[in-house]
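Chemist: Sequence:
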Amino acid sequence: MSLTRSLRQLLSLSRPAPPRQSHYSTAPTQTPSPAQPAKFARFIRKPPPPRIPKPHHGIETVEAFLESLRRPSLLALANKFTEWDQLFSLEPKTQLVKDGTLSVPKERRYLLRCMELFRHGLDPKEFAVGVRKPKKFRGWGPRVQHGKRLRGKPAGRVTI
Numbered sequence: 001m002s003l004t005r006s007l008r009q010l011l012s013l014s015r016p017a018p019p020r021q022s023h024y025s026t027a028p029t030q031t032p033s034p035a036q037p038a039k040f041a042r043f044i045r046k047p048p049p050p051r052i053p054k055p056h057h058g059i060e061t062v063e064a065f066l067e068s069l070r071r072p073s074l075l076a077l078a079n080k081f082t083e084w085d086q087l088f089s090l091e092p093k094t095q096l097v098k099d100g101t102l103s104v105p106k107e108r109r110y111l112l113r114c115m116e117l118f119r120h121g122l123d124p125k126e127f128a129v130g131v132r133k134p135k136k137f138r139g140w141g142p143r144v145q146h147g148k149r150l151r152g153k154p155a156g157r158v159t160i
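Counting in UniProt numbering, the sequence shown runs from 1 upward without gaps.
It is worth saying that the hints were derived from the structure and are not from the lab. Be aware that one or more of the hints could be misleading.
[Unchecked claim] Cut-off 35 Å, straight-line C-alpha distance, at most; resulting in silico cross-link-like pairs (DSBU-like, lysine-lysine):
1) Lys135 to Lys98
2) Lys46 to Lys80
3) Lys80 to Lys135
4) Lys106 to Lys135
5) Lys54 to Lys106
6) Lys80 to Lys54
All figures in this text were calculated on a predicted structure; none of them were measured in a lab.
All chains, please: the whole structure from these sequences, using the hints.
Modeler: Now the structure itself:
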């Protein structure tokens, strides 16, 4: 038994050890598979869009662009940004936060995302999302199911 073990140790010492894999490899990473989702196919291998896009999809003014985003809180920006170039050349954080124009981070991120998608040539009808409706009932317990408040014995239970 000990003879076999010692032979194994000798054999393992005579072979060179395999190279250790490092977490910080300099090898190139794998490229994404050619079967990309069709949703993002138009953005792959394209030059970056111009920072100030030309008006398209029937949207030619700042007011029309902000109305197409379907958020009432963004309509107040129409007074601040009167020209097309002025809206699309703003710095994301500096001008919107310092002036107090858009203090809500969610609305600011939504506006910046919509501006970037518009630069890529998408129609705001495709990506604009309206404001969410408030919930009807508080809580998600067993007494509230499918938006209806249940009273008495819960449906489906049979007492014998």
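Chemist: The structure should be examined with respect to each hint, and the outcome stated for every one.
Modeler: Structure-based check of each hint:
1. Pair hint Lys135 plus Lys98 holds up; C-alpha atoms about 33 Å apart against a cutoff of 35 Å.
2. Among the hinted pairs, Lys46 with Lys80 is consistent with the structure: their alpha-carbon atoms are about 33 Å apart, no more than 35 Å.
3. Restraint check for Lys80 and Lys135: the C-alpha separation of about 33 Å stays at or below 35 Å, so the hint holds.
4. For the proposed pair Lys106 and Lys135, the alpha carbon gap of about 19 Å is at most 35 Å, so the pair holds.
5. Taking the CA atoms of Lys54 and Lys106, the gap is near 26 Å; set against the 35 Å cutoff, the hint holds.
6. Between the alpha carbons of Lys80 and Lys54 the distance comes to roughly 20 Å, so the proposed pair stays at or under 35 Å and holds.
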